[in-house]
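Chemist: Below, each chain spelled out in residue letters.
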Amino acid sequence: MTAYLSPHGTVLMSALTPASVDDLARDVRLYLFRQAAATAQVPQAQQIAEALEHPVEKIHEALRQLATGKVLILAPNDGDVWAANPFCAVPSGFRAETEGKIYWGICIWDALGIPAALGKDARITAFCGDCSEPMSLEIRGGKLVQSEGLIHFAIPAHHWWDNIGFT
Amino acid sequence: MLLFRAEEHIDRWCAAHSLARGAILTPQQGWWLAHGWYKEKLNPEWRRHTLEETEALLAEVGLTGTFWNLR
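Heads up: the protein sequence lines correspond to chains A and B, in order. Number 166 marks the last residue of the first sequence (numbering that gives the first Met the number 0); no jumps. Number 70 marks the last residue of the second sequence (numbering that gives the first Met the number 0); no jumps.
I should point out that these hints are in silico values taken from the structure, not numbers from a laboratory. Every residue, glycine too, gets a C-beta built ideally from N, C-alpha and C. It is possible that some hints are incorrect.
[Stated by the list, open to error] To spell it out: a stretch of chain B is covered by chain A in this simulated footprint if at least three of its residues, at any positions, have a beta carbon under 8 Å from a beta carbon of chain A; those stretches are: (1) 3-12; (2) 18-29.
[Claimed, not checked] In silico PhoX-like pairs for lysine-lysine, Cα to Cα no more than 25 Å straight-line: (3) A/K142 - A/K100; (4) A/K100 - A/K119; (5) A/K57 - B/K38; (6) B/K38 - A/K119; (7) B/K38 - A/K142; (8) A/K119 - A/K142.
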């Protein structure tokens with residue numbers, strides 16, 4: 000069995016290798032990420048169901064499968080997509096603006112991941128975790144051309160997914 | 000993973016949350032890590048990184064030691 004990693008690093012030794020992810024889950028993943036990239040809006044189950052012409056229950060099932068494989072994160076209570084990393088479905092303290100669109104990340108790693116995934120320039124704005132002063136970073140031409148501050152990882156890599164919301 | 004103005008801000012945040020200081024990256028390291036991790040995410044053939052691939056990425060970014068151990 001091949002060892003795969005979650006989007007944030009935890010080792011997965013499950014049978015959820017790409018070959019065993021069913022076709023619907025793959026279609027959902029492709030649609031969801033393409034839409035998020037193109038529109039800066041992460042689609043939810045109903046929109047995905049209508050676009051792919053499948054019952055919404057099947058889409059929820061596919062989303063749960065993707066979440067189990069840590070391809071995305073579901074909100075704890077209602078099962079909505081919270082983040083299709085690096086794209087966060089709801090506004091957060093980590094904003095990436097590119098070509099007039101506003102994207103959100105769940106953390107500074109994901110905010111930087113947005114221009115990385117899009118292959119576009121972006122201005123990242125966030126707030127100091129301590130004093131809430133606004134800060135900014137800029138990606139241009141695939142390079143970090145302006146930055147300030149430091150990034151802090153509080154949780155060791157092996158435990159990131161113990162509580163991904165806090166991580 | 001949060002952004003802070005300076006190390007003393009990190010220490011204040013850690014104290015407020017009763018946490019030991021974790022690992023500190025420069026924004027450049029953060030960008031390299033994010034780029035290596037997410038650059039293929041929109042590729043239809045994207046797959047999760049293997050353990051070895053991720054270890055190699057962390058090492059390239061200069062993130063080594065117990066804190067970054069994945070095994």
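Chemist: A/K119 and A/K142: Cα distance at most 25 Å?
Modeler: holds (10 Å)
Chemist: Hint check: A/K57 vs B/K38, CA-CA at most 25 Å. Holds or violated?
Modeler: This hinted pair is violated, its Cα atoms lying about 29 Å apart.
Chemist: Regarding the pair B/K38 and A/K119, is the alpha-carbon distance no greater than 25 Å?
Modeler: This hinted pair holds, its Cα atoms lying about 11 Å apart.
Chemist: Check whether three or more residues of the segment 18-29 of chain B sit with their beta carbon closer than 8 Å to a beta carbon of chain A.
Modeler: holds (count 11)
Chemist: Mind checking the alpha carbons of A/K142 and A/K100 for me, to see if they're no more than 25 Å apart?
Modeler: holds (20 Å)
Chemist: Has the given pair, A/K100 with A/K119, been kept, meaning a C-alpha gap of at most 25 Å?
Modeler: Holds: A/K100 and A/K119 sit about 11 Å apart, inside 25 Å.
Chemist: Taking 25 Å as the top limit, are the C-alpha atoms of B/K38 and A/K142 close enough?
Modeler: The hint holds at about 13 Å.
Chemist: Tell me whether the statement that chain A covers the segment 3-12 of chain B is true, taking a Cβ distance below 8 Å and needing three residues at minimum.
Modeler: holds (count 8)
The structure fails to meet hint 5 from the earlier list, while all remaining hints are met.
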